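*Asks:* Let the hints inform the model, and build the full structure from the sequences given.
Chain order of the listed sequences is L, P, C and F.
Heads up: the first sequence runs through residues 1 to 181, numbered per the working numbering.
Heads up: the second sequence runs through residues 1001 to 1181, numbered per the working numbering.
Heads up: the third sequence runs through residues 2001 to 2803, numbered per the working numbering.
Heads up: the fourth sequence runs through residues 3001 to 3803, numbered per the working numbering.
It should be emphasised that the hints constitute simulated quantities derived from the structure, not laboratory data.
Values in this document were obtained by computation on a predicted structure and should not be read as measured data.
Backbone N, C-alpha and C define an ideal beta-carbon position, used for all residues, glycine too.
Warning: the hint list may mix true and false statements.
What the hints assert, rightly or not - Restraint-style ranges between C-beta atoms, simulated for each label pair:
| id | chain 1 | residue 1 | chain 2 | residue 2 | range |
| --- | --- | --- | --- | --- | --- |
| 1 | P | Pro-1010 | F | Glu-3397 | 28 to 36 Å |
| 2 | F | Gly-3775 | P | Ala-1165 | 47 to 55 Å |
| 3 | C | Gln-2521 | L | Lys-85 | 21 to 29 Å |
| 4 | F | Glu-3758 | P | Lys-1142 | 23 to 31 Å |
| 5 | F | Ala-3595 | C | Asn-2082 | 52 to 60 Å |
| 6 | C | Arg-2493 | F | Gly-3356 | 51 to 59 Å |
| 7 | F | Lys-3770 | P | Gly-1113 | 27 to 35 Å |
| 8 | F | Pro-3130 | C | Leu-2045 | 25 to 33 Å |
| 9 | L | Asn-166 | C | Asn-2082 | 33 to 41 Å |
| 10 | L | Asn-32 | C | Tyr-2761 | 39 to 47 Å |
| 11 | L | His-43 | F | Ala-3322 | 32 to 40 Å |
| 12 | F | Glu-3471 | P | Ala-1165 | 27 to 35 Å |
Here is what each chain is made of, one letter per residue.
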Amino acid sequence: MAVKKEDKYPAARRYQVADIQVSREATAVKPNVVVNLVKKAKHPVLVTGGQLLKDPKLVEFAVKFHEKGIPIIATGGSSKPLIEKGVKPQSAVFPLHYVTQFMLDEEWQGFDGKGSYDVVLYLGFLPYYLSRMLSALKHFSKITTISLDEFYQPHAKFSFTNLTANKEMHYQMLEEVVNNL
Amino acid sequence: MAVKKEDKYPAARRYQVADIQVSREATAVKPNVVVNLVKKAKHPVLVTGGQLLKDPKLVEFAVKFHEKGIPIIATGGSSKPLIEKGVKPQSAVFPLHYVTQFMLDEEWQGFDGKGSYDVVLYLGFLPYYLSRMLSALKHFSKITTISLDEFYQPHAKFSFTNLTANKEMHYQMLEEVVNNL
Amino acid sequence: MAFELKKGLFAIDEMRNVSIKIGKVVEEEEEWTEPMGPTPKPGILELRKWDHKLLERFEPFYAPMSDYCNLCTMGPCDLSMNKRGACGIDLKTAKARLVTIACCIGAAAHTAHARHLLDHLIEDYGEDLPIDLGGDINVEAPNIRTIIGIKPRTLGDLREALDWAEKEIVKVLHATHIGNEESFIDYESKAMHVGMADHIGMEVADIAQIVAYNLPKAEQDTPLVDTGFGIVDKSKPVIVVVGHNVMYSRPVVEYLEEQGRIDDFEIAGLCCTAHDMTRVSSKTKIFGPISYQLRVIRSGLPDVLISDEQCIRADLLEACKAVGIPLIATSDAAIRGLPDVSDWPVDKIVDALVSGKLPGVFLSDPEKVGQVAPLVAEAVFKKHGGERKYRFFETDEDLWGEINKCTQCMSCVFTCPHNLRIDQGMAHAQKTKDLSKLGYLEEQCLACGKCEQACPKNIKIINVIMASNFEKLYNKSGKTRVGRGPIQDTEVRNVGQPIVMGQIPGIIAAVGCINFPDEMQSIREILEEFLKRRYIVVTSGCHAMDIGMLKDEEGQTLFEKYPGIFDAGGLVNTGSCVSNSHISGVAMKVASIFAMRPLRGNYAEIADYILNRVGAVGFSWGPYSHKAASIATGFNRLGVPVVVGPHGAKYRRAYIGRYYKPEKWWAYDIKTRKKMNIEPAPDSLLVAVETKEEAIVQLARLALRPNDTSQGRQIKLTHYLELSQKYLGTLPDDWPLYVRSEADLPLKMKDQLLQILESDYGWKIDWDKKKILEGPIRPFDAGFNPTLVEEVYEKYAGEKPPQ
Amino acid sequence: MAFELKKGLFAIDEMRNVSIKIGKVVEEEEEWTEPMGPTPKPGILELRKWDHKLLERFEPFYAPMSDYCNLCTMGPCDLSMNKRGACGIDLKTAKARLVTIACCIGAAAHTAHARHLLDHLIEDYGEDLPIDLGGDINVEAPNIRTIIGIKPRTLGDLREALDWAEKEIVKVLHATHIGNEESFIDYESKAMHVGMADHIGMEVADIAQIVAYNLPKAEQDTPLVDTGFGIVDKSKPVIVVVGHNVMYSRPVVEYLEEQGRIDDFEIAGLCCTAHDMTRVSSKTKIFGPISYQLRVIRSGLPDVLISDEQCIRADLLEACKAVGIPLIATSDAAIRGLPDVSDWPVDKIVDALVSGKLPGVFLSDPEKVGQVAPLVAEAVFKKHGGERKYRFFETDEDLWGEINKCTQCMSCVFTCPHNLRIDQGMAHAQKTKDLSKLGYLEEQCLACGKCEQACPKNIKIINVIMASNFEKLYNKSGKTRVGRGPIQDTEVRNVGQPIVMGQIPGIIAAVGCINFPDEMQSIREILEEFLKRRYIVVTSGCHAMDIGMLKDEEGQTLFEKYPGIFDAGGLVNTGSCVSNSHISGVAMKVASIFAMRPLRGNYAEIADYILNRVGAVGFSWGPYSHKAASIATGFNRLGVPVVVGPHGAKYRRAYIGRYYKPEKWWAYDIKTRKKMNIEPAPDSLLVAVETKEEAIVQLARLALRPNDTSQGRQIKLTHYLELSQKYLGTLPDDWPLYVRSEADLPLKMKDQLLQILESDYGWKIDWDKKKILEGPIRPFDAGFNPTLVEEVYEKYAGEKPPQ
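*Replies:* Structure (C-alpha cells):
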C-alpha cells in the first residue's frame, strides 16, 4: 500500500537533535522519488547494515532489492541472513567504514569492477554511525546517497523522513520502493 | 505602505551562512507581529547601535519609536544623532556588550529602575556583533528579542527577514511598525 | 660513598670563588651498553617520515560532525564540500586539526596526571627511589627507552621523560593555532606525535605509582576483587572514589589500615581510580565505569564521595547535592568551583561537610583526604543509620507517577546517544504495567542524563530506567583481576616467537571507554571468542571493569575462567588507563627481548617491526574520550591497528587503507634485497565497526602480518575464515589476498579453498602436489625480512634500498 | 676561574666510584636580595583566589557560537538554553572550556616559539650568553621575576621559565579533558593561568632574540622603516618572509650582508616576522599584516616566499603555486605537506625551486634558508626579467569579464566576515563602469577569500577588489618605527608617579590582529585622539604595522608625528607579538620601580597594584587569533582591562562587571583599616565595542582607577567627559560614580556638574565653598591605599583584614 495521506506524513526530524550543524540537509523523500533515482542510476547499490540482524523484515526487503537487480554490499554481519536467503552480496567482510573510504576514491571500480557507484542506498544501520559516513560522502564525493532507514538522516542527499513512530509506514514505504523498481 | 505581496517577501536568509549552529532559529516576522509584541510588552525598549551613524534613515525611525513612547538605549555612539534630534536615551555610554550583560541579570531593574525589560528591539547593528548578543540572551535569559535590522538574525527570538536586497522594503517595514504602535 | 651538592654557591677545598657549572650528572652504576638509536627525544620532524609512510598507506578518512569552523573571530566559516575558511584552511585539514587538538588534550591528561603524581611522590619518597618492577622485569620502561633513549633507574629519572612529553605536547598544540599547518597529513603526523607522547605520560605515571605505592609488579595471579553495582555491604559506611588518579584517595586506605579499621568501611570506586585502589589494597571494590556514576550517586549508596580528575561527570556536585552526599574534590584539574579548604583543620572540614554547611569542598592535601573521608562517611552513616536517603524512587507510586507523565513525544529518543526507545518502554509500561522493556534499557543505558534535559515533562528518566531493572542492577556483581602492571620479560621470552611467527594468532588489547553500541554483555562475548581460540587478550581501564561485572550462564566472569598470564588464552588486566602503556610496552618488548632489536632512541625501527611482525590489534568497543583518541593514535604510530565501536566514527578521523591499490602495499625485503609487493596485512590502522559480529571478524582479520610463517598464517587464516563463516555466513571476500602458498591454507579447508582459487580467481594449481603454481601477490619465503624504513634496510642490508 | 663538569661519570682526585649528584648550581655572582614572594612558579591553585576575586566582580559573559558540543563520541550534544550534555557539562561551562582551550593554544604558540628559538640560540650562542638589554634596563624580565621568581642572567636561565610554562600549559590543557572541571569560573581561572603563562613565553622569546640577535635594546629613537603595499623596488629580486618567528629568515639578511649584496635585494615581510626582520636590519621592509598575504602573493611581487609559523594562510602553497612563487616553509609547526629537503645541498634545493620541479620545500635549517632564498629570488627574477607573472588581472578585459559574471546572488555577502556589499560594488561597476565602489571595499577587505569559495560563478572577487583600488593600493606606503623591545627603567621612573597618580591619563596598549570592523584608517583615528591628549600609546604586532601604513591628510603616519618615548604623548612600538610581554612588563615595572613593590614570586600583589593604580587599558581593534585571546586573558589576570573590536565578541566570553551592584565594588583600605565601597573603576576586564566612537569613549572610561589622586581623576574625567560629549553627544551616564569630591571634577565644567549632581542625583552641595557634602560612594582620601588581597592587606597593615 502506498503512502498517500499527505497530512499523515511525518516531519523530517533528524535522528539526533544535535546532529544538525549542516549547510545542506537531506531532502526528505517519498518512495517514488527513490524509485526514480534508482532507475536513472548507472550503477546503483544497496548497502545493508548490522540492524538486519535485529529486524528480519529489513532482511526481506533487502532480498527484494536484490531480486530487482540491485546489487548488495553487506556490512555489519548482515551478509549472514542475506546469504541464508540466497543473496550473494558483492562484499561481506568490509565494514561500512571501509566501504565509504573506497567510495570516496573516484578511481575505485566497485566490488564488481564495473566502475564507481553513483547512487547508494542504505538500509539497516545504527543511525549515528551511518550519519558520519553520509557526512564524509556529502563533503568529499559526488555520490547520491539515499537513506532508507527509519531515522531521517540529515547528511544524506536524500532520506526517508523520520518514521520511528510508525514502523508500519516504514515497511510500507520500503515495499513501495521495491515494488516499483 | 504596508508590505502585502506574499510572493515578494524575501526568504529568511541568515546574515552569515555559517552562523546557523542553532537549535532554535528566529521566527521571521512581519511588522504587525512586532507591533503586537511591543503592545503586549510590559517594559519594552529599543536598543540602537552604531550603524545609525551611517544611515540617517535609521535615526529617523528610532526617533519615531521614541515619539511613540518606546524608551531607547543608545549604544555604539548612536546617542549623538538621536540627541541631536531631541531624543533622550536611557543610556548612552554603555556598549551593547554591557547592556546585554545587565539584561542577563534578572534582578537588574533597567536603566530607568522600572524593572527588567521583557521585549527588546534592536536597530542598527553590525550583524555579527548583534548575533553574539542575541545568542547570549537566547540561552541565558527569558527576554523576547526582536531584530529590526536588514539582516535576518537567527539567534533572535523574532527577526525581520533578510531585507538586504531591498532597502526600501526594510524602511517600509520599519515605517509600518512605528505607524501602528 | 656519595655526597650531594645542593643548589647554590659552593666551594671546593680552598678554591673560593670558583664557579662550577654542571650539566646533568647521571649516577651510572652500571653503564647501559645499548647504543643510542637515531631518534632519542624526537621532535616533530624526526619521525615525520615514518608517519608519512603510514599515512600514505593508511589514508586518513574524515567524517565531519559540523560543517563549520568557529575557532577564530574571522569566522564562523562554512567549510562544507571541503571549502576553505577565512584563514585558508579546508574542511579536511580543519578536521585533522580538531583531531590533533583532541589528541593533545588526551596526551596532556595523562602527562599532567603523571606530573602531579611524580612531583608528589618525589616529595614523599625522594627522587632516588629505585624503579624496581620485580625480578622478572629488566626492560622496565620500554616506551621511555625507545622514545626518550634513557633507562630510568629512579623516580627522579622519570622527570626527563616528562619534560620531553610536555615540551612536545606544547609544540604540537602550537601547530593547531590558526595559520599553521595547511596539510592534513602533517596534522595527522602531529597527532601521532602527541599520541606517542601520551604513552610516555602513561608509562611514567604507572611506573611511578607501582614503585612508590608498591602496586602489583607484573604478577600473573593478582587477586580477584568484587565488581559491579551490588558489591557493597550497606551496613557499613560507604566511601566512594571517582576518577583517574589514585594519589588523592590512596591515603584513605592507608589511614584506615593504620587505624585497623579498614574492615569497618566499604571503599568502592568508579572509573580508573577504582582500578588503582584495588592495586593499592584488594580490600577495595569496583563499582563500575563512568556510566555507573549517576547510577551509584542517585542510588544514594555513598556516604561520602571523593573525586579526582578526568571522565567525572560535570554535574557531579549537583548530583551529589540532590541526594545529600558530601563531595570532596581533590585535583586541581577539577576544582568544581568549590572552596579550597586545604589549610583548614580536619575537624572543621568534617563538620562543614557533615552538617551540610558546605555541600562539597576542595581539598588538595591527600593526607587530609585520608582522614576527612572516613570521618565524614562514618558521621553521615550514623545520621541516617543505614537508611540512606534515596533509592531512585522512595515509593512505587513515585515511579509510576513519573512513567505516567510520558506522552511519547520522543524528545528523549532523539537526544539519546544510542537512540534508545525510551518511548516504547514507557508506553509498554503504561499499557501493561510491565517494566521489563524499560528495565532492558538499563543494560544499554550510559546514564548520561541527556534524556532528562530534553524531556518536556521533566521525567526522571534515568531513575525510571534504573528502578525498572532494580533487582538485576542490585545483583550485578562479579570479579575483576587486580591490575598487574607490566608484562614480565620471561613471559615475553616465552611468547615472543609464537607471536612473531604467528602461532599465537594475535594479541587483542581491549581498552577504552563504555560507549558500547549494545548491551554491555557484548564485550564479554567478543573477547571470549578470542580467549577460546587462544589469542592473548589484554585489557585495562573501563573495559576491564566491564568484563569484571559480566557473568556467563554459569555465573562466572572471564577473569575467573581465564588465567592472568600473558600467554595464549590468558586474560591480562594491566590496570587503569595509564597502564595502557604496558600494552604498547609489551609490543616493544617483543621486538627487544625476542628479536634483540635495540630499543634505545630507535622508534621507527621498532614500530616498523611491530607493524610487520607483531599481530597485536587494539580494540575499543566503546571509546568516547580524548584520552582514548590519543592512546589509539599512539598505538597507530607504533604500527598497531585499532578497531573501535560505531561511536568511534564520531572521532571524525579514521586510517583506512585501500587494499585494491597494489602500489600502496610493499616492503623492502632485507633478505632478497628487493622491494616487493605484499599482502595488505593489516589494511587499516583505525576503523569503526558497527556490530559485535563485525568486530570479531575484523579483529581476527587485522591480526594478520606480512611476516607470519606458513604455520602462523595458516592458524590466523583458520580463525579468520571460521569466524567469517560463523558471523558473516560466508568466507571473507578478501581471503585470497593473504595466501602466499598452499601451506598458508587452513588444513581442513585446503582442497575446497584451492578449488575456489582456481575456479573463482584463476590461480594455477598443481592438483597432484596440491601446490599453488601461480596467483599469490608474492611467494612465501621463510627468510622474508620486511621493512618500510630505508634506514633500517640499510642498517641490516648494508646498502641503500632498491628503488 | 671556572671549570665545567659535563654530563656523565667523573671522578674527583683519587676518589673513584664517588657518585656526585647535583641539583642546579646557579652562578650567583651577585645575590638577588629581593626576598621570595608567596607564589613563585605558581600552579593552578596558587592564584585561584585572586582569579576568583576578579571573576566575582568582572562576571564572565558567554555568547555561544554553536549550541552544540561535539568534543566526545557520546555527543553531539544540544546544550542550548544551558542544557547539560552527556558528560554533564552545561553550555556556559562548555564555552568556558572552549575559551580555555583557545588560551592554551595561544599560550602554546608563543611558548613553543620561544622553545624553538631558545634551543636554537643556546646552540649557536651558548647558554652563558648574558641577558644584557642595555644600560637602562635593570629589571630585565619583569614577568619572569614576578611569576617564576628568578632573575635570569643568561640565555640558559630562561629555560627554567619555559619549563614552568610548558608544565602549566599541559596541566591546564589536561583540565579541558572531558569530565574535569564543572565550574565555568574555575575554567576561567585556568584560562587566566595559561594567559599568564603566555606572557612568560613571549618574554622569553623576545629577550632571547634581543640579546642574541642584538635587536634594539629599549631605544626610543629606533629607525623608521617603509611600510605598506607599495614599498618595494620592483627592479630588484624580492624576498618575502611571512610568519611570526624570525629565526628562520634572519640568516637571509646575515648572508646578504656578508656578501655585501643586501642592497641588491628587496626583503619585505608580512606579519610579525616583518617586524622582527626590521629589528634585525632596518634595511628590510614591512608589507603588512595577514590581510596583506593574499594581496601580496596574488600581485605576483615576491620572487620567493619564506614562511615560518602562526597566522599564515592555510592555502599558502596553493596561492603561491597559482602565481609561480617558490615557497620555502621553515618551521615544524607548519610543514605544509612539503618534502623535507633540510639535508639536501643548497644547489639542489635552489634548482628544484627555480625549475619548478618542486613548488615548495620544507627547509628547517635556517643557515641554508639564508643561502637558498636569495639564490632562488635572483634566479626567478632573472627568468621573468622584472616582468612578474601576475598582477591581479593581466588585462582590463579580464577584470571586466569577472565583474560582468556577477548576478548579485549575494552569496559572497552572506559569507564575508564583514558582510561587505560586494554585490553593490559589482552592480555599480556593471551599470556605470565606475570601479570606485568596489575599490572602496579594498579599504575594509580582509582578503580572507571566503567570498571566492562561496561564489557560484567562481569570480576572483579578491582580485577584482584589489584591481579596483589598484592605484591607491600600490601607493600605500608609510613608516613604522622599528620595535624597540622593552621600556627603560628610567622611563618608568619618570612616568611612574604621573601614571599612578593619574596625571598621565592612561596607557593605551593597542595590540592584536586586523579584523577591524571598519576601514583600516579607524585605528589611526582612535589612537591619535589619545596621543593628542597625551596618553601614552604603546603598540606592537599587526596594529603597529597598520598604524605604519596609515597617513593623515599631510601624508604623515603617527610614527612620524609622535616620538617613540614611553611618556605622555609618546607612541611606542615594542615590536612583534612576543614583544607584548614588555607591555605587561612595564605595568609590573611601575609597581616595582616607582612603588618599590617586590616583584619576585609576588604576582597577586602586583596585579592588585596594577588593577587599583595603573590606568593601563589594552585595545585590540581587530582581534581574531588564539594568541590574541590568551594575551588579553593574561592582561586581565594582571588587572589590565582590554577593549576589543566587535569581532572580539566571537571569542564568546567577556568579563563585564555590573556597576549597579554596590556589593561587588569594594577594597580594603590599608590606611583606614576599613573595607570600603569603591567606584567601579574599571568596571570590565574584557568588552567588545561596536564602533570607533564607542572604542574611544570606553578606553578613556576604563583608564579610571580607584587610586587616582584628585588631580589625576580630574584629568581623566576631563578626557572622559569631553570624549563622551564629542562622540556620544552627551555626558556619559555614569560619570557621577567616579566623583569622590569636587576636586575630581573637570575644572571648566565644575559648576555645571555640581548643578547636575544636585538636581539630577540629589547630592548635597555647599554652594558657597563649592563643596560636595553628600553623595559620593566614598570620600576622597589622599592616603587611600586599596587592595583586594587579604595577604597584601596583612603584610602592610600588620593585621587581619576587616570583615
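*Asks:* Hints first: check each against the structure and report whether it holds.
*Replies:* Verification of the supplied hints:
1. P/Pro-1010 with F/Glu-3397: 28 to 36 Å: holds, 35 Å
2. F/Gly-3775 with P/Ala-1165: 47 to 55 Å: Because 54 Å falls inside the window, the suggested range holds.
3. C/Gln-2521 with L/Lys-85: 21 to 29 Å: For C/Gln-2521 and L/Lys-85 the Cβ distance comes to about 27 Å; the hint holds.
4. F/Glu-3758 with P/Lys-1142: 23 to 31 Å: violated, 39 Å
5. F/Ala-3595 with C/Asn-2082: 52 to 60 Å: holds, 57 Å
6. C/Arg-2493 with F/Gly-3356: 51 to 59 Å: About 56 Å separates the Cβ atoms of C/Arg-2493 and F/Gly-3356, which means 51 to 59 Å holds.
7. F/Lys-3770 with P/Gly-1113: 27 to 35 Å: Distance hint for F/Lys-3770, P/Gly-1113 holds at roughly 29 Å.
8. F/Pro-3130 with C/Leu-2045: 25 to 33 Å: Distance hint for F/Pro-3130, C/Leu-2045 holds at roughly 31 Å.
9. L/Asn-166 with C/Asn-2082: 33 to 41 Å: holds, 37 Å
10. L/Asn-32 with C/Tyr-2761: 39 to 47 Å: holds, 42 Å
11. L/His-43 with F/Ala-3322: 32 to 40 Å: Given about 35 Å between the Cβ atoms, the range holds.
12. F/Glu-3471 with P/Ala-1165: 27 to 35 Å: For P/Ala-1165 against F/Glu-3471, whose Cβ atoms are near 31 Å apart, the range 27 to 35 Å holds.
Checked against the numbered hints given earlier, this structure breaks only hint 4.
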